[in-house]
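Novice: One-letter residues, chain by chain:
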Amino acid sequence: MLVFIIRRLMQSAVVLFAMSLLVFVGVYAIGNPVDILINPNADQQDIERAIRGLGLDKPLWEQYLVFLRQAALGDLGKSFAFNVPALQLILERMPATLELATAAMLIAVVVGLPLGLWAGLKPDSFAGKSIMAGSILGFSLPTFWVGLMLIMVFSVYLGWLPSNGRGPTTDLFGVPVSFLSWDGIRHLVMPATNLALFNLALVIRLTRAGTREALLQDYVKFARAKGLSDARVIGVHVLKNISIPIVTVTGLQFGTLIAFAIVTETIFAWPGMGKLIIDSINVLDRPVIVAYLLIIVTLFIVINLVVDVLYSVLDPRVRLGDTKA
Amino acid sequence: MNLPGDAPTNGAETTALPVSAPHAGVALGAPEETPFRRIAGDFAASKLALFGLALFALIVLCALFAPLISPQNPYDLAQLDVLDSRLEPGSRSGDGKLVFWLGTDDQGRDMLSAIFYGLRISIGVGVTATLCALAIGTTLGLAAAFFGGRTDSLIMRVADIQLSFPAILIALILLAVLGQGVDKIVVALVAVQWAYYARTVRGSALVERSKEYMEAARCLALPASRIVFRHLLPNCLPPLIVVATVQVAAAIALEATLSFLGLGLPITEPSLGLLIANGFTYMLSGKYWISFFPGVALLATIVSINLVGDQLRDVLNPRLQR
Amino acid sequence: MSEPAEVAPSSAPTAPVSEPPAAATTGEPTLKVAGLRTHFFTRQGVVKAVDGVSFEVPPGKILGLVGESGSGKTMTGFSIIGLVDPPGRIVAGEIRLNGRDLRALAPAEWQRLRGDRIAMIFQDPMMTLNPVLRIDTQMIEAVRAHAAVSVEAARSRAREALVRVGIPSPDERLRAYPHQFSGGMRQRVAIAIALINKPDLLIADEPTTALDVTIQGQILAEVQKLCRESGTALIWITHDLAVIAGLADEVCVMYAGKIVERGSVNQVLDAPLHPYTRGLLDSVPSRNRPGAPLRQIPGMTPSLLALPEGCAFRERCARATETCLSEPPLYSLGDRQVRCFHPIHAEDEAAVE
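Protein chains in written order, with my numbering: chain P, 1 to 325; chain X, 1 to 322; chain A, 1 to 353.
Read the hints as simulated data drawn from the structure, not as lab findings.
These figures come from a predicted structure and were not determined experimentally.
For each residue, glycine too, the CB sits at the ideal point set by N, CA and C.
Keep in mind that the hints are not guaranteed to be accurate.
[Claimed, not checked] In silico contact screen, one side only, chain P against chain A (beta carbon under 8 Å); selected entries:
(1) Arg49
(2) Pro85
(3) Lys129
(4) Phe173
(5) Arg212
(6) Gln217
(7) Leu228
(8) Lys240
(9) Pro245
(10) Thr248
[Claimed, not checked] Result set (BS3-like, lysine-lysine): computed pairs, CA atoms no more than 30 Å apart in a straight line:
(11) X:Lys47 <-> P:Lys129
(12) A:Lys198 <-> A:Lys61
(13) A:Lys225 <-> A:Lys198
(14) A:Lys48 <-> P:Lys122
(15) X:Lys47 <-> P:Lys122
(16) A:Lys32 <-> A:Lys48
(17) X:Lys47 <-> P:Lys78
(18) A:Lys61 <-> A:Lys48
(19) A:Lys225 <-> A:Lys48
(20) P:Lys240 <-> A:Lys198
(21) P:Lys78 <-> P:Lys240
[Said to hold, decoys possible] A few chain P residues facing chain A, derived, Cβ under 7 Å:
(22) Asp124
(23) Asn241
(24) Pro316
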């Protein structure tokens with residue numbers, strides 16, 4: 001188990017290096033680093049001073065090492081638009097995005113699991129078929145369009161929910177969250193639902209497939225032969241078996257949620273990392289772009305690692321190995 | 001001898017005739033059918049999938065014949081009259097010659113025409129990207145399966161790493177570095193997709209490689225390229241077809257999302273995503289049609305492709321074959 | 001000397017008032033099946049998986065149900081325990097457990113019966129036990145589904161059950177997961193679970209087919225002992241005649257959904273009446289003379305969707321005549337039964353040899 005973790009950590013380090021190289025090459029070698037890292041509005045003298053300051057007159061490999069060292073120290077450049085360190089800017093916005101992504105994931109699982117279970121238990125019923133048809137819609141509908149429609153219906157026509165922004169925040173363990181107030185929830189509902197749709201469809205389909213497969217297994221027959229109630233057979237025997245792959249897939253999808261939050265945050269003007277990156281791309285605030293890419297890649301690697309470990313913890317066959325008695 | 005209630009015996013016994021045993025096997029055979037007919041038959045079993053296919057065919061026709069069926073060429077600035085802008089669906093143009101069935105946008109463009117042209121671009125980009133990714137991914141996947149060893153490890157590792165990142169992120173990175181333009185979008189879409197094909201083909205190829213017809217081909221000392229393309233590839237096609245179908249829809253959706261975010265195609269070639277983006281600001285003042293109708297068109301395209309892809313997946317799945 | 005039969009546990013909170021007394025006191029067979037028909041209504045047609053099956057099993061006795069795959073033996077077992085799923089259903093016949101009509105039961109009553117009065121074990125113990133639940137969980141739930149006892153009481157019963165099937169260090173085993181056991185151990189656990197509530201009837205569906213031959217012998221002996229001790233009637237479903245020889249008291253041979261021969265194990269195996277039974281016995285390799293070609297029954301089992309007219313075995317039988325174009329009824333020859341117009345008599349045997 002420990003060997004497994006260490007091996008994965010090493011793999012992750014390799015991937016991180018590869019990504020940093022990719023970003024570095026993209027920014028420094030392909031693009032014009034002067035334009036990218038130095039404010040193009042500065043005058044010639046400042047530019048030259050900045051060039052020397054940033055070491056852009058040195059050979060490429062040396063620049064990469066400098067880049068790495070700066071990154072390790074937490075210095076990923078300064079934002080042009082806000083004139084604060086890019087890393088700080090991103091970290092300030094992260095809680096909002098994480099809150100959105102977590103809410104979306106909860107919605108996807110809490111709603112999707114029962115629906116998928118139903119569709120798996122009664123696949124030929126009207127409800128079962130409707131749920132499956134609905135799931136096709138769920139991952140076909142482009143997120144941004146659904147967001148627009150939600151705003152149109154719930155904000156413009158019905159006037160029930162606010163169309164943009166985040167509610168008032170309170171600090172929870174030092175992290176600002178907005179779901180603790182009613183107004184905060186009102187602001188959170190639409191964007192979280194919008195973001196959740198794709199994953200909801202995924203969870204429904206996975207649960208349905210898993211349930212259908214599980215019901216054919218001998219252990220279900222044996223459980224029924226023991227005289228267990230249907231509720232127990234499904235709620236304990238089937239659920240425990242299908243929950244393992246679902247938990248792992250959902251965990252992996254968390255990273256995707258954070259990425260897709262870019263779209264949702266843009267539509268609903270949610271002040272998270274995603275909106276920041278789009279705004280930055282539009283004003284060519286490249287240090288922020290670089291910082292964002294690196295942070296996201298790191299986040300992904302961490303998520304993948306956690307999910308892998310979680311899987312081996314949850315499945316007793318993996319956790320305890322195949323020790324024959 | 002008899003139990004009460006049993007049928008009476010036949011009585012007289014004749015000499016035992018030698019009975020040749022006709023083949024008493026399973027008699028479920030239908031007249032000989034080619035794989036294609038069987039697949040088509042299975043596919044047609046789902047009305048929903050047929051509907052999807054019909055819808056998609058209709059959409060493609062609209063896209064192909066856009067210049068012929070559009071009331072107006074939305075890119076020809078000479079035809080646009082800004083006084084016609086933001087008109088409701090069903091209104092007439094200022095000079096009374098055109099009816100704007102789906103309304104106009106902020107530049108006076110007829111939405112219906114804009115949608116037809118937009119479909120052209122969206123589908124065109126999606127299909128082109130998918131075909132390129134299919135070609136590249138398949139080649140790499142076949143190479144990995146055929147040559148094995150280090151080639152295999154390298155290609156698959158790269159594919160795995162890429163697949164663990166969401167498409168939108170990869171596209172974002174590439175576009176941030178490369179800039180805007182049709183060709184750059186296609187590159188981004190190809191970069192996002194190739195790994196699916198490579199993985200799928202490699203999986204099938206590995207299974208097929210150990211089958212006997214491959215050994216036979218090798219014994220005949222056929223050149224590698226011939227073995228791969230004439231013998232191996234056709235048998236790997238079914239899962240590829242399924243993946244490609246679904247990926248066309250995904251590519252179209254991704255391009256629309258990127259265009260919506262302003263990172264995609266330039267304004268001179270508006271795809272559906274850009275049309276929707278343009279209409280975003282007008283939604284809050286009730287002028288829904290500028291975003292709504294292009295959205296519906298996009299939706300119809302994606303849903304119809306997904307319906308077809310779903311049924312294809314069930315039909316072509318070897319594990320569900322009897 | 002232990003009591004041959006046990007009264008239904010009085011702690012069961014849901015024992016219906018009308019339940020008849022245990023078999024030992026009335027002399028009734030534990031299980032009586034008469035004219036059982038279980039049909040599957042598929043798109044390709046009606047599959048008569050079980051087509052008119054009748055037998056009885058007295059308390060503490062062992063019935064062997066023999067046949068190839070597709071003969072309907074497994075479906076018979078499922079029908080008795082009420083686990084036939086759509087598109088199949090029991091369309092006719094009687095199933096009586098200690099005199100009680102099972103077909104008249106409501107689903108809730110079936111649930112109370114399963115695991116308590118009737119138990120079943122299956123072929124592959126790896127898939128029978130839920131791989132992600134601990135052994136004690138799976139055993140305790142079997143107890144608590146039928147009796148209102150505490151978790152600790154259920155756990156000690158589970159422990160006893162493991163000891164009874166001969167599993168060492170039961171406390172450790174209870175906390176383990178199925179994949180940590182060997183195949184033979186798993187099957188013992190399954191047997192322990194099946195017998196934990198001391199059922200009147202145990203149905204065993206090929207439980208040793210997936211195990212090593214040496215383990216097979218152990219399991220067989222174990223089951224035989226347990227059933228004799230507790231007076232549980234046992235139906236052992238198998239395709240392997242060798243297993244039946246050492247285990248069963250009575251044998252029913254099934255073919256294409258019907259019983260083709262029935263009798264005591266010695267009678268059927270030493271002097272089979274039905275040509276199919278004869279064929280089965282002949283094809284056992286150990287019964288062959290060394291050097292002589294192995295004997296087979298020609299042809300294949302017919303698909304249940306395309307049964308030949310008349311006797312289902314007709315097209316593979318060397319003794320078939322025109323008479324066999326009509327369906328043979330089940331004849332009685334003393335205390336044996338055979339479904340054949342031309343059963344093999346002792347004189348025929350002598351002539352053939």
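Novice: Against each hint, give a clear statement of whether it holds in the structure.
Specialist: Tested hints:
Violation of the interface hint for P:Arg49 is found here, the shortest Cβ-Cβ separation to chain A being roughly 64 Å, above the 8 Å cut-off. Interface hint status for P:Pro85: violated, as the beta-carbon distance to the closest one in chain A is roughly 48 Å, over 8 Å. Contact between P:Lys129 and chain A, as hinted, is not supported at the beta carbon level, the nearest pair being about 17 Å apart and thus beyond 8 Å. About 33 Å separates the beta-carbon of P:Phe173 from the nearest beta-carbon of chain A, more than 8 Å, and the hint is not met.
At about 13 Å, the closest approach between the beta carbon of P:Arg212 and any beta carbon in chain A exceeds 8 Å, and the interface hint on this residue is violated. Of the supplied interface hints, the one on P:Gln217 holds, with its beta-carbon coming within about 6 Å of a beta-carbon of chain A, less than 8 Å. Annotation: interface hint on P:Leu228 holds; nearest CB of chain A at approximately 5 Å, less than 8 Å. Nearest Cβ of chain A to the Cβ of P:Lys240: about 5 Å, under the 8 Å cut. The hint holds.
Below 8 Å, beta-carbon pairs count as interface contacts, and P:Pro245 has none with chain A, the closest being about 11 Å; its hint is therefore violated. Interface hint at P:Thr248: violated, since its Cβ lies 14 Å from the closest Cβ of chain A, which is beyond the 8 Å cut-off. Annotation: proposed proximity of X:Lys47 to P:Lys129 holds, straight-line Cα distance about 13 Å (limit 30 Å). With a C-alpha separation of about 15 Å, the suggested pair A:Lys198 and A:Lys61 falls inside the 30 Å cut-off, and the hint holds.
With a CA separation close to 14 Å, the supplied pair A:Lys225 and A:Lys198 stays within the 30 Å bound. For the proposed pair A:Lys48 and P:Lys122, the alpha carbon gap of about 26 Å is at most 30 Å, so the pair holds. A distance of roughly 20 Å separates the Cα atoms of X:Lys47 and P:Lys122; the hinted pair therefore holds under the 30 Å criterion. Proximity of A:Lys32 to A:Lys48 is assessed by CA-CA distance (about 21 Å); at most 30 Å being required, the pair is judged to hold.
At most 30 Å may separate the alpha-carbon atoms for a hinted pair to count; X:Lys47 and P:Lys78 exceed this at roughly 58 Å. With a C-alpha separation of about 28 Å, the suggested pairing of A:Lys61 with A:Lys48 holds against the 30 Å cut-off. As the CA atoms of A:Lys225 and A:Lys48 are separated by approximately 35 Å, the hinted pair breaks the 30 Å bound. Between P:Lys240 and A:Lys198, the direct Cα distance comes to roughly 29 Å. Compliance with the 30 Å bound is thereby established for this hinted pair.
Taking the CA atoms of P:Lys78 and P:Lys240, the gap is about 49 Å. The hint is violated against a cut of 30 Å. With 7 Å as the threshold, the beta carbon of P:Asp124 stays out of range of chain A, its nearest partner Cβ sitting at about 10 Å, so the hint is violated. Hint status for P:Asn241: holds, given a least beta-carbon distance of 6 Å to chain A, under 7 Å. The beta carbon of P:Pro316 is positioned within 7 Å of a beta carbon in chain A (closest approach about 5 Å), and the interface hint is therefore held.
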